[in-house]
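Using the sequences and the accompanying hints, generate a full structural model.
2 protein chains.
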Amino acid sequence: MNNLLVAQSGGPTTAINATLVGVLQGVRASTKVDKVYGAKNGIEGAIYGNLIDLNELIKDSQGMDTLTYTPSSALGSCRYKMKDWKVDEEPYKKIINTFIKYDIKYFIYIGGNDSMDTVDKLSEYCRVNNHDIYVIGGPKTVDNDLNLTDHCPGFGSAAKYIATTVSELERDINVYDIPAVTIVEIMGRNAGWLTAASALARVNGGSGPDLIYLCEKPFDYDRYIQDVKDKLAQKPGILVAVSEGIKDSTGAYVSDSMSSGEVDSFGHKYIAGSARALEQLTRDKIDCKVRAIELSLMQRAAAHIASETDIQESVMLGLKAFNCAVEGETGKMAAIRRLSDDPYRVEFISVPVSEVANHEKTVPLDWITPSGNDVTEEMMTYLRPLIMGEVNLKYENGIPKQYKLY
Amino acid sequence: MNNLLVAQSGGPTTAINATLVGVLQGVRASTKVDKVYGAKNGIEGAIYGNLIDLNELIKDSQGMDTLTYTPSSALGSCRYKMKDWKVDEEPYKKIINTFIKYDIKYFIYIGGNDSMDTVDKLSEYCRVNNHDIYVIGGPKTVDNDLNLTDHCPGFGSAAKYIATTVSELERDINVYDIPAVTIVEIMGRNAGWLTAASALARVNGGSGPDLIYLCEKPFDYDRYIQDVKDKLAQKPGILVAVSEGIKDSTGAYVSDSMSSGEVDSFGHKYIAGSARALEQLTRDKIDCKVRAIELSLMQRAAAHIASETDIQESVMLGLKAFNCAVEGETGKMAAIRRLSDDPYRVEFISVPVSEVANHEKTVPLDWITPSGNDVTEEMMTYLRPLIMGEVNLKYENGIPKQYKLY
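Going line by line, the protein sequences match chains A and B. Straight run, no breaks: the first sequence in the working numbering ends on number 406. Straight run, no breaks: the second sequence in the working numbering ends on number 406.
A couple of the hints might just be wrong.
Which copy is meant is left open, so a pair is good if it fits within one copy or across any two.
[Claimed, not checked] Pairs of lysine to any residue residues, derived as SDA-like cross-links and limited to a Cα-Cα distance of at most 25 Å, are as follows: (1) LYS235 to ASN50; (2) LYS285 to GLY273; (3) LYS81 to VAL33; (4) LYS59 to ILE225; (5) LYS401 to ARG384; (6) LYS289 to PRO370.
Calculated from the structure, these hints are not laboratory results.
As C-alpha cells, this is what we get:
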C-alpha cells in the first residue's frame with residue numbers, strides 16, 4: 001500500500017484548505033496513492049496517531065468545492081516545534097510508527113516557517129534512517145514571508161480583504177468635516193507585506209492610507225507626529241496604516257510603550273497593539289479625534305472576500321506538492337515563480353525546504369519610500385495581480401456555506 | 001420652480017446611499033420636481049448654503065448603480081443637533097434663506113434619531129410660519145433603534161457582515177486544541193440588535209457565538225465567568241459576542257472598568273471597549289488564552305458584503321420618502337411594516353416623525369433568553385430575512401468600484 005498523509009499547521013488562512021483540496025485532487029486523479037488520510041492538529045496528529053480518513057471526501061465534488069472556499073484549517077492546526085532528532089528522537093519514532101501503521105509513503109505538510117522546519121527535519125530523519133517516505137511542504141502564510149517563493153498562499157486573499165476594507169474605511173472616515181485620525185493596525189511582526197497591501201485601496205483612484213508605516217523601518221515618533229500634522233493641513237480625515245510590529249530605533253516594539261504601568265482594576269498590565277499606542281500618542285500631541293482599528297483575525301479569516309487568483313494558485317500548489325511526492329522528491333516545498341507582472345504569469349516549482357525553514361523574507365527596504373511613510377511603485381507592481389479575481393461563493397441562508405470536516 | 005433638496009446625516013452605513021438613490025430615482029421618474037440638489041454635510045449644508053447640483057447624476061444610470069452599492073454618506077454627514085426654534089431661530093432662518101434661494105419645496109433628510117428630530121422641528125417651523133415646504137425623513141441606522149419601523153436601512157447589511165464574520169471567526173478560533181476565549185465587541189450603546197445578529201452565524205449549523213450578551217440586560221461579572229467556565233468544560237474554543245454598551249447592575253459601563261488608572265507613558269487614561277475589559281477580567285479569572293476583537297467601523301462600512309434585501313428596501317424607502325413629499329405630506333418618516341416572516345413580505349408606509357424622534361427602540365427583554373447569555377427563537381425569526389440576498393458588486397482592479405460625488 002502506498003498511502004498519503006496530509007496535515008495543516010500554523011495560523012489559519014482563507015486559502016489553506018484550497019491547498020489541501022489541491023493535494024486531494026492529486027490523489028483523486030492519480031493511481032499512485034491507495035488511501036489518503038489527514039492528521040488532526042498538524043504534526044501532533046501524526047505523533048499521536050489522530051488520523052481522519054479522507055477517502056470518502058475525495059469522491060464528493062461539491063464538498064471539495066465548498067472546502068476550497070472555507071476559511072481556516074479544516075484538519076485543525078498546532079504550534080508544535082520539533083526538536084532536532086539527535087536531541088529528542090521520541091516524536092520521530094512515534095511519527096514513523098503512525099506511518100507504518102497506516103502504510104504512509106507520502107507526507108505533505110501545509111504550513112509556514114515552522115512547518116517547513118518540520119518538513120526539513122522529518123525528511124532528513126527518514127533519509128538517514130532509510131525509511132522509504134517522501135516528505136513535501138505546501139506553503140501557507142498570510143505574512144508572505146517564506147523564502148524562495150514569489151508570494152505565499154493566503155497572502156493575496158488577506159491583501160484583498162485589507163485593500164477592500166481600507167477603501168471602505170476611507171469613505172467612512174471622510175464624511176465629517178472635522179479633523180480626525182484613524183489608525184489601522186495590520187498583521188506582521190517582522191514582515192510588512194500585509195501593511196503594504198493597504199496601498200491597494202488606491203487602485204481605483206481613492207487616496208487609500210495617507211500614511212503607511214512598515215515594521216522593516218525604525219519608527220520615529222516625532223517624524224510620525226509631523227507626518228500626521230502635515231496631512232491634517234491638507235484635509236480633515238487622515239487614515240494611517242501601521243504594522244503590528246513597528247519598532248523604534250532601539251528595536252523596542254511601539255506596542256510595548258503602552259504596557260508600562262498598572263492599567264486595569266484587576267491589577268494586570270494591559271498589552272495594547274501598535275495602533276492603540278499611536279492612538280494615545282496622537283491624542284496627546286494633536287488636538288483632534290483619534291481612533292484605532294485592528295483588523296485582527298478578520299484579515300486572515302475573511303473567506304467571503306478571498307482573491308480568486310490566490311485560491312486557484314493555492315490549489316495548484318497542493319497539486320504540485322502531491323506531484324513532487326509521488327515523483328520521489330523529498331525535503332522540498334512547492335513554490336511559485338513569477339514570470340511576468342503584466343500579463344501576470346507564474347509557474348509552479350519545487351525548492352529545497354532547508355533554504356525556506358527558519359528564514360523570513362521581509363520587504364526590501366527600497367520598496368519603502370525614502371520618507372519611510374509609504375510604499376514605492378515597485379511594491380504596487382508586485383502586489384496588484386495578487387488580489388485579482390472574485391470568488392464565486394455559495395451562500396445559504398444569507399451567509400457563505402462552509403465545509404466542516406469534523 | 002419646485003425643487004428638491006436631499007441630505008444625509010449621522011453615522012454612515014452601507015445602505016444610506018441606496019436611500020439617496022431611491023430619492024433620485026423618484027425625481028428622475030416624476031414631473032413634480034424641476035431640479036434636485038444635495039446639501040453637503042447634512043443640515044449644515046442647508047444652513048450654510050453648501051449645495052451640490054445632482055441633476056447630471058440622475059441621468060447617469062451606471063453612476064447611480066455604483067452609488068447604490070458605495071458605503072458611507074456620499075453627501076457627507078454631520079452631528080448637528082438643532083435647538084428648538086423658539087430658543088434659537090437663527091439656523092432656521094438660514095435654512096429658509098437657502099430654500100428660497102434655490103426654490104426648494106421638498107426637503108428629504110436621511111438619518112437616525114437626531115436627524116428625525118431635525119425633520120420634526122423643521123417641518124413644524126415651516127408649518128407655523130406658513131412656508132410651503134414639505135419635510136420628510138428617510139430612516140437610516142445600523143443600530144436598528146428607530147421607532148415605528150420594523151427595521152432600519154443599514155441594519156441588515158451590518159447584520160450580514162457580523163453573521164459572516166462571526167462564522168469565519170468561529171472556524172479560525174477552533175483550529176487549536178487548547179482552551180481559548182475570543183470576545184467580539186459589536187456596536188450598540190443602548191440597543192443590542194447588532195450583537196443579536198451574531199447569532200445568525202448559526203443559520204447553517206455552525207455553533208456561532210457560544211455566549212451573547214446584549215446591553216439591554218445588566219451584565220453580571222460573576223455570572224459571565226461561570227458561563228465561560230461552563231462552556232470551556234465542553235470544548236476548547238469559546239466565542240463570546242458582547243454589545244459595546246453592556247452595563248453592570250449599577251448602570252456603569254463595563255468598558256469604564258478598564259479606564260481607572262494611569263495607563264500609558266504619555267500620562268493619559270486609556271479608554272478601552274467592553275471586549276477589552278472582559279479580556280482582562282477573563283485572563284485574570286481563567287487560566288487560558290484570551291483575545292478581544294472589535295468589529296469597529298467595518299461593521300457599518302463593509303459594503304462588499306451588504307444584504308441585497310437591505311439595499312433594495314433602502315432604495316424603496318428613498319422612493320417612498322420622495323412620494324410622501326410630492327404628495328404633500330410633511331413631518332413624516334418613510335418606514336417599513338412587516339406583513340409576514342416566511343415568506344418575508346413588507347410594505348412601505350409613512351409614520352409621524354414626532355413619534356420617531358428622540359425615541360430608542362431597544363431589544364424586547366423577552367427576546368433574550370432567561371439565562372441572559374443568548375437570544376430567543378423569536379429574535380432569530382425576526383433577523384433571518386434581513387440578511388438574505390447577495391449584492392452583485394462591480395469590481396475593478398480587484399476591489400469594489402465606488403462612486404465619489406465630490
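Check LYS59 against ILE225 for me: Cα-Cα at most 25 Å, and say if that holds within a copy, between copies, both or neither. neither (58 Å within a copy, 45 Å between copies)
Can you tell me if LYS81 and VAL33 fall within 25 Å by alpha carbon in one copy, between copies, both or neither? Neither: 28 Å inside a copy, 71 Å across copies.
When no copy is specified for LYS289 and PRO370, does a C-alpha distance of 25 Å or less occur within a copy, between copies, both, or neither? The answer is neither: 29 Å in one copy and 40 Å across copies each exceed 25 Å.
Evaluate LYS285 and GLY273 at a C-alpha cut-off of 25 Å and name the case that applies: within, between, both or neither. both (19 Å within a copy, 22 Å between copies)
From the Cα coordinates, with 25 Å as the cut-off, is the pair LYS235 and ASN50 best called within, between, both, or neither? For LYS235 and ASN50, only the inter-copy Cα distance (18 Å) is at most 25 Å; the intra-copy one is 58 Å.
If the cut is 25 Å between Cα atoms, do LYS401 and ARG384 qualify within a copy, between copies, both or neither? Cα proximity of LYS401 and ARG384: across copies only (15 Å, versus 28 Å in one copy).
Checked against the numbered hints listed earlier, the structure breaks hints 3, 4 and 6; every other hint is satisfied.
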